[in-house]
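S.K.: What follows is each chain in one-letter form.
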Amino acid sequence: MLHPHDHFTADSEVLFTQLGDNEAVLLHLTTQYYYSLNETGLAIWRGVNEGMSLGEVADAIRSEYEIDEAGAWKHVSDFVEHLKKMKLLVEAPGSVGSPG
Amino acid sequence: MALDAQNLTSRWVACAVVLESLAILLHRHDLFSMHAAALARNGRGLVVAAAADSGKSTLTFRLVQSGWDYLSDDTVLLRPSPDGVTVLGLRSHFSLDPEAEELFPGLSRGREASLLKEEKWAVNVEALYPKQRIDACRPEVLLFPTIVDAPESRIAPVSKAEAIGGLLAQSSLARVKLDHAAAHVDVLGRLVRETDAYTLYAGRDILDDPTRADALLAPLLSATF
Numbered sequence: 001m002l003h004p005h006d007h008f009t010a011d012s013e014v015l016f017t018q019l020g021d022n023e024a025v026l027l028h029l030t031t032q033y034y035y036s037l038n039e040t041g042l043a044i045w046r047g048v049n050e051g052m053s054l055g056e057v058a059d060a061i062r063s064e065y066e067i068d069e070a071g072a073w074k075h076v077s078d079f080v081e082h083l084k085k086m087k088l089l090v091e092a093p094g095s096v097g098s099p100g
Numbered sequence: 001m002a003l004d005a006q007n008l009t010s011r012w013v014a015c016a017v018v019l020e021s022l023a024i025l026l027h028r029h030d031l032f033s034m035h036a037a038a039l040a041r042n043g044r045g046l047v048v049a050a051a052a053d054s055g056k057s058t059l060t061f062r063l064v065q066s067g068w069d070y071l072s073d074d075t076v077l078l079r080p081s082p083d084g085v086t087v088l089g090l091r092s093h094f095s096l097d098p099e100a101e102e103l104f105p106g107l108s109r110g111r112e113a114s115l116l117k118e119e120k121w122a123v124n125v126e127a128l129y130p131k132q133r134i135d136a137c138r139p140e141v142l143l144f145p146t147i148v149d150a151p152e153s154r155i156a157p158v159s160k161a162e163a164i165g166g167l168l169a170q171s172s173l174a175r176v177k178l179d180h181a182a183a184h185v186d187v188l189g190r191l192v193r194e195t196d197a198y199t200l201y202a203g204r205d206i207l208d209d210p211t212r213a214d215a216l217l218a219p220l221l222s223a224t225f
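So the protein lines, in turn, are chains A and B.
All residue numbers for the first sequence refer to our numbering, where the first residue is 1 and numbers rise by one.
All residue numbers for the second sequence refer to our numbering, where the first residue is 1 and numbers rise by one.
Hints may contain errors.
[Stated by the list, open to error] Some chain B residues flagged as far from chain A (calculated, every beta-carbon gap over 10 Å):
1. 28
2. 44
3. 134
4. 155
5. 185
6. 186
[Said to hold, decoys possible] Stretch-level coverage of chain B by chain A, calculated; a stretch enters the list once three of its residues show a Cβ under 8 Å from a Cβ in chain A:
7. 160-173
8. 188-202
By construction, these hints were calculated from the structure, which means they are not laboratory data.
Glycine included, C-beta positions come from ideal geometry on N, C-alpha and C.
Model the full structure from these sequences, guided by the hints.
M.R.: Printed below as a string of structure tokens:
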């Protein structure tokens, strides 16, 4: 189960390429799996990979898209969980589940 | 490995090794290979990306017959620059089924010895259409052809995400180093950003009507004005 203090980062085998202002794709070189990011997905991906905690990303999403706190957290945590299962995101060393 | 000229498997493996080695060397010069055909009409480029046996060579030859310039029916190089991605032809001989001569009478005049596939003809198209071979073009349209069992062909736009998926499927990324792969994906992303992309559902009319491919595809390039 994910926690708002958790930090994630892109797997070292993942390549990111932007296709437009609000569209991008991720490619995992080993699995050859590729994943398309829409505007919201791209915002979450950027936040996570800029070092924000999941809670901070959810706050940014809530502010940007005017959704409630619970909705924003569900959106972010479901999405990150999915990317984690696809091995596109991995837990950042020493930060997962740790409040500080 | 000894190269036995009479042994198809040996020849295939040898050619694959040479091509992979060439691809790695080309990466060092910012050239990225892709399994695709490329043509140009009035200087405006079309890249046709698809797996083997998708009708890519037949479609390309049809367009050459209609006066399009060509770079390759099978393998191209992508060269990024600040102005955009340029496509270069890598293999100029076309690989066509012998049955294609029914569609293209006179095809055998360009036939030469094939290195890779005995069941295919290597056709020197430059000998048949000497003024239509070009070295480079700037692509404006990406096309992903697929053969359908239908009398009429049709074209449908595809999203940029689908387009890069189609290009990735025709690019050998996993066999090179990560930094090379990153540069390769970056070029594919740029190519997708700089072009419009379509799927061609190729029906029987492409085979039956020599002018059909040109009639379908020329407006895609014109429409980008």
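S.K.: Give a verdict on every hint.
M.R.: Each hint tested on the structure:
Non-interface status of residue 28(B) relative to chain A is upheld: no Cβ of that chain comes within 10 Å, the nearest being about 19 Å off. Consistency note on residue 44(B): stated as away from chain A, and its beta-carbon is indeed over 10 Å from all of that chain's, at 22 Å minimum. The claim that residue 134(B) is not at the interface with chain A holds, since no C-beta of that chain comes within 10 Å of its own (minimum 28 Å). Residue-level check passed: residue 155(B) sits 21 Å from the nearest beta carbon of chain A, beyond 10 Å.
With a cut of 10 Å on Cβ distances, residue 185(B) falls inside the contact zone with chain A, its closest approach being about 5 Å. A cut-off of 10 Å between C-beta atoms contradicts the statement that residue 186(B) is not in contact with chain A; the least separation is 6 Å. Counting residues of the stretch 160-173 of chain B whose CB lies closer than 8 Å to any CB of chain A gives 6, which reaches the minimum of 3, so the coverage claim holds. Only residues whose beta carbon comes within less than 8 Å of a beta carbon in chain A count, and the stretch 188-202 of chain B has 4; three or more means the coverage holds.
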